[in-house]
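Student: Given only the sequences and the hints, what does the whole structure look like? Please build it.
From first to last, the protein sequence lines are chains A and B. Okay, so the first sequence: first residue is 996 according to my numbering, each after it adds one. Okay, so the second sequence: first residue is 2 according to my numbering, each after it adds one.
Worth flagging that the hints you see were computed from the coordinates, not collected in a lab. It cannot be assumed that every hint is accurate.
[Unchecked claim] Ranges of calculated distance between the beta carbons of each label pair, as one might list FRET restraints:
| id | chain 1 | residue 1 | chain 2 | residue 2 | range |
| --- | --- | --- | --- | --- | --- |
| 1 | B | 348 | A | 1109 | 57 to 63 Å |
| 2 | A | 1529 | B | 162 | 52 to 58 Å |
| 3 | B | 262 | A | 1109 | 42 to 48 Å |
| 4 | B | 252 | A | 1687 | 23 to 29 Å |
| 5 | A | 1779 | B | 110 | 43 to 49 Å |
| 6 | A | 1109 | B | 198 | 23 to 29 Å |
| 7 | A | 1475 | B | 162 | 32 to 38 Å |
| 8 | A | 1901 | B | 162 | 58 to 64 Å |
| 9 | A | 1687 | B | 128 | 21 to 27 Å |
| 10 | A | 1056 | B | 3 | 37 to 43 Å |
Yeah, the Cβ is synthetic: ideal placement off N, Cα and C, and Gly gets one too.
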Amino acid sequence: MTSLAPDVSVIVISYNDAERLSRAVRSVQRQTLRNLEIIVVDDASSDGTAEIVDALAANDPRLRYECLPVNSGGCSAPRNRGVELARGAWIMFCDSDDEYDRHACKNLLQAAERFDADVVCGTAERVDAVTGRTRRWRPETHECERVENGLQAFPELLFDTISVNKIYRRTLLADNGIRFPEGLLFEDQLFTLEALAAARRVAVIPEVVYRWNVDRVSDEPSITQRRHEAANVESRIEINRRIDAFLASRDLHAIQVMKDLKFLKHDLYLYLSSMLVVDDRTALTLMDRLLPYVSTVNLEPAWQLRPALRVAIYHLLVGDLEGVRAAMRFVKWASVVDVPIVGVDGREVWGCGHADSGPTVAGRPALDWLDVTDLHLLSVPFTQRRYLHRLDAMDVRDGEVTAQGSTIDYDASLGLDDAIELRFLIGGARAAVSVPARWSGREGDRLTWRAQGPCIDLLGRALEAKDRGTIGLAISRGGQENVTTTRSPEDQVSAVTVPFVGTTRGTGPDSLVLHPHDNGAVGWRAARTSAGHIRRAAVRDAWFRVPGTRWLAESTALVREGLLPRLAYALGALLPSRSLALFETGGGRTADGNARAISDYLAAHHGDIEQAWVWRDEPYRLPGFARPVQRLSLRHVWLAARARYWIEDGSAPMSVRTPPRVATVFAGWGVPVHRVGLDDPSVLVSRADVRDVRRRSRRWNVFLSASTHDALVTPAALAYAGAVAETGLARMDAVLPLAGDRTEERRRRKVELDLPLDRPVILYAPTLRAADRRGEPPLLDLDEWAARLGDRCYLLLRPPPRERFSVSSRLRFAVRDIGDRDDVQRLIGAADLVISDYSSLIGDAALADLPIIAFQPDREVYVNRTHGLYPVGSSAGPIVESMAALFAQVESWLADPAAWDGVHGPGRAAFARDLCGPADGQSTRRAVGVILGAASGSEGAS
Amino acid sequence: MTGPRVVIIANNVDEVGGAQRVVHVVAQQLALRGHPVDLVGVTPFEPRHDFVAEPAYRRFTLMSQQWPAPPAKKGLSGALSVSAREREAMRARLRREAVRSLAAVLDDGPPGVIVTAQLWAMEHLAEVQHDAWAVIGQYHSSYEAAASGRDLPRALALYADVDLFTLLTREDADSFRRAGLNNTTWLANPLAFWPELAVAARETDAGVVTYLGRLSTEKGVGFLVDAWGRLAERFPGWRLRLVGSGPDEKAVRARISGLAVGSDRIDVVPPVADVERELRGSDLLVLPSLTEGLPLVLAEAMALGLPCIATDCSAGVRLLTDDGRNGRLVPRADGAALAESLATLMADRDERQRLGERAREAMRDYRGDVVIDAWERMISDVLR
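Tutor: Structure (structure tokens):
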């Protein structure tokens, strides 16, 4: 095999990186393509690279070693040398700190042969060296296989500037004299462009070929710091000038426009970002270096950039450093607003002093450059605004925390009488502890504030060593609350330590330590700082090194978790309560739904019944009249053993048991739309799921069904054999029976949730799609939605239980992710239209007589292959399968709601009547009757 | 001229079934083209079936006894039960035996290409030193089937590093790529035979509707019986033949005897070796499956020019059947829809003839020699 010419020559370059080099070389040696040669070009290392390569070459004749006589200081010379030595028909490059995917060479080579292409690009993956997390580089260009006749047919490839994720025909490089420019950084950009421009045919494959190891801890700050250095900027500009000259010499005008966009969007963006972190002098020098080139660039593509970046470029061009920084803060710091935003003739303008008098740039007046209407900063509701709160100092003395900072009141709407407090947020959302604060003054649009309070009292909540979060400022106004994370731009609070009150013992954390996030936010993490805690933790760790001790410690935990609960259960079962009702929904994360309606009704009409609600993580929205019980605590076990009624929604833990006398009530999920079925072999569920559902359903003895349809299909689907009571949807009693005009009621609920009153509110509530859609964007394309309908309606996004969607902060003006914990009835009560797919929420909406659109883009897969709908499907409203069809429906509804309802109202009414159960508002009363009866019945029987 | 050696490892190569037929056909065809071929079954199965009259390949079985199911008792009661412990010990012994025998098979000749037909076969190979070999891994079911069961994580772990991972359709290969594999491709299974003579649709009021395959839940035979019950009265001369056996045989028979009409015109017959002959005696083939890969029996029936109705249950079925053009697709698990589709075809000879002709035309791409050409290209690719 080695006697033949190799198919591919892989050129691995290295400079004083022996350790990582062997990893890179090994990733090439174990390629599934065997017929290749490996040329290691050493840029005159002094760290024993030669010996390492010798060892690697010991059993592999495919490996060759070449060492440059003197260090070249860049990647170009070694790569050029490698190309000169190469004998393969195809060339690939690899850097010493990265790795190839095992199938990289074969995938690229076969694609090149299959498509007869001269250059083929694969996908590169950035690997975070610390977390191991991977992110695809420029995924939009590499989504699917594509082949084109030359770069002009595929100008987006210009954005794929790196040289290491590609394969090149050797003759293409030789015949066209394409080499890496020596003596410059960013050599990839020119080389890649020349190769792509010379290629008759270019192709892209979606397979990952290159793993680009990014060491965030050591690499990134250094790159950022180097970005302002003369060599860096000048290389960048020189490369761009050469690219411009090359494109001009070939008359590639369309490519030039794409390249200008790329320069503004990526290259210039990096330098503008670095101005946030360097001092004034460095930043001004940087501006001086950039300006001569930037002012020659065609700025027309700037209108395709996001508005804040465009604003930053304008400030660069007029030489206003603070203006650049303010705009880049918005870009880099999760959209916090640092300057006043003013309304001018219906436009929202970045109010920085240039709006009226700023110079015209590139033929456009200042007002156009500074127009940020598309950010909707003024129309976004108060709770959703992003204020820039600077935390200037934090101090801890004598058991007290003091802090001071300032806030930009960007649309002059905050008042000194708005209540504020500083909050330590866990994971960025839930409040751990608050420190009282007050405004201390106002200078123009800048408000200053101070916070003062006792050191953090965390006795009520045990923090774990892995806990972390941010510090936010909460502003309350008229029952609404805005919480935005504070920033510490100059990092004045790093390493400030806030000790907990009253933790003098134990081995857990005893304080919070502050540190900055990449986006300027002030973060904290739990830590051990007192000598006692550190010593005790060290002693424990040392003790655990003795074999068997960890087992011993964990087995005492077993006793705690195994024996004590058993004792608690046995004792509790002997001491039954005559009136205790135990509630749980959403696995302890919520307190809503049918169970909540029943709980409220009991509190109002049966005061003698004692209630307890289970919570997990935090007692979230529990009713005030109920005893909070932490999930899986001893008390949980104890109360479950003593309870007379246990009302849940199928999410209570299986490890907590109840004696047989307890009325165990399954409060139901609502009107079944999609199949869940154990009774239906066409529903693809795993055997483990089947077993779990069987065990759960076996412990209920009452099922409160929403409707006849529910009563017919759900027990069979869950293999439930107990009593079924057709009580109706208790949770909907809050809105039922419908009577009169509900506009005022809806308005009140909108105010409660801080929803805009000037546009209709649309609730989008998709159903759970199991494990395959976690942390992904929703199926409804939010960007497209915001662009098309964002200014005409407001979208409330409710992810299914335990799912999370990522919603860009850019879309705040049009979309709010309400989370999965808010009570669905509150949302339905506020919405004007409901979009769902297969969720039982369709039944709720139909009972509330709300317009419904069934958006089922994955209908083909969901209905035909993985789940299936009941024959009733979703006749509650029109079914649409594409964004275009969805827009058409929503727009026709917006244009004339009455006419739309004339078409779809009767079908919905029939759906509600036939499938959704009684709409008389008496469901809770019936449910309570059944529950009380069941308890006395089971008592009689026992 | 001899080509590179090929070792094909499958879960079992003895039982009568579609998956087994495919590996025997591939082994025979590659051997006839000059490759030394070894066909290896992990577990034996009785009775042992011979698929090829004069095999040109060697055939091995790794375990000396049939692989037993895991003991039902688990946990403490499992640890205390003698029979359960014996069963576990036997499984461990057979596993060791299989790994040892596989190493011996590989050593018995020069290294070349190993093909693992299923995940379980690959799990055995993973324990044997095979660095000198190129490996082609296969998965014969759809991505959705893998994702809904336990196969997906197994496939991702076992197949990430093999030279090539072949799926039955492009759609499945793309899905596995998106799930993180960079070595996926697709290759259809070859037809076991290319019938020289097509069947012609008969003008008849005494036709035969055939199902050919295992009687197990995922095949959805119950829905076919249900559909039959809905239309039997309208077609008093027609019969339904269910050819196969399996875990659901009892349930299927119970469902048949529960029918109000038509139960006397359903024949349940054991699996047959001569599939072509069985299909030639038929007027319509129905594949009522809930999940599938690329169902061979559908391809064979279509190659014969037999009109077919299949459920829209996998990328493979959709690849073979262009609904309304060369066959009919119906929703899964819907007896009423299946009955309706069946009734239209049973009543319309011309439509049956038309579908059959086009079906045969579409199957030319799956002819043995066409697919084996692709196999040979793949073998030389992985050895590059």
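Student: Honestly, do residue 262 (chain B) and residue 1109 (chain A) meet the 42 to 48 Å range at C-beta?
Tutor: violated, 56 Å
Student: Holds or violated: 58 to 64 Å for the Cβ distance of residue 1901 (chain A) and residue 162 (chain B)?
Tutor: holds, 60 Å
Student: Check the following: the C-beta atoms of residue 1109 (chain A) and residue 198 (chain B) are separated by a distance inside 23 to 29 Å.
Tutor: Between residue 1109 (chain A) and residue 198 (chain B), where Cβ atoms are some 37 Å apart, the hint is violated.
Student: Hint says 43 to 49 Å; check whether the CB-CB distance for residue 1779 (chain A) and residue 110 (chain B) agrees.
Tutor: violated, 59 Å
Student: Residue 1475 (chain A) and residue 162 (chain B), beta-carbon distance inside 32 to 38 Å?
Tutor: violated, 55 Å
Student: Per the hint of 37 to 43 Å, is the separation of the Cβ atoms of residue 1056 (chain A) and residue 3 (chain B) within bounds?
Tutor: violated, 26 Å
Student: With respect to the beta-carbon atoms only, verify the hint that residue 252 (chain B) and residue 1687 (chain A) lie 23 to 29 Å apart.
Tutor: For residue 1687 (chain A) against residue 252 (chain B), whose Cβ atoms are near 24 Å apart, the range 23 to 29 Å holds.
Student: Is it true that residue 1687 (chain A) and residue 128 (chain B) lie within 21 to 27 Å of each other by Cβ?
Tutor: violated, 32 Å
Student: Do the Cβ positions of residue 1529 (chain A) and residue 162 (chain B) conform to the proposed distance bound of 52 to 58 Å?
Tutor: violated, 44 Å
Student: Is the hinted range of 57 to 63 Å satisfied by the C-beta distance from residue 348 (chain B) to residue 1109 (chain A)?
Tutor: violated, 47 Å
In summary, the numbered hints that this structure violates are 1, 2, 3, 5, 6, 7, 9, 10.
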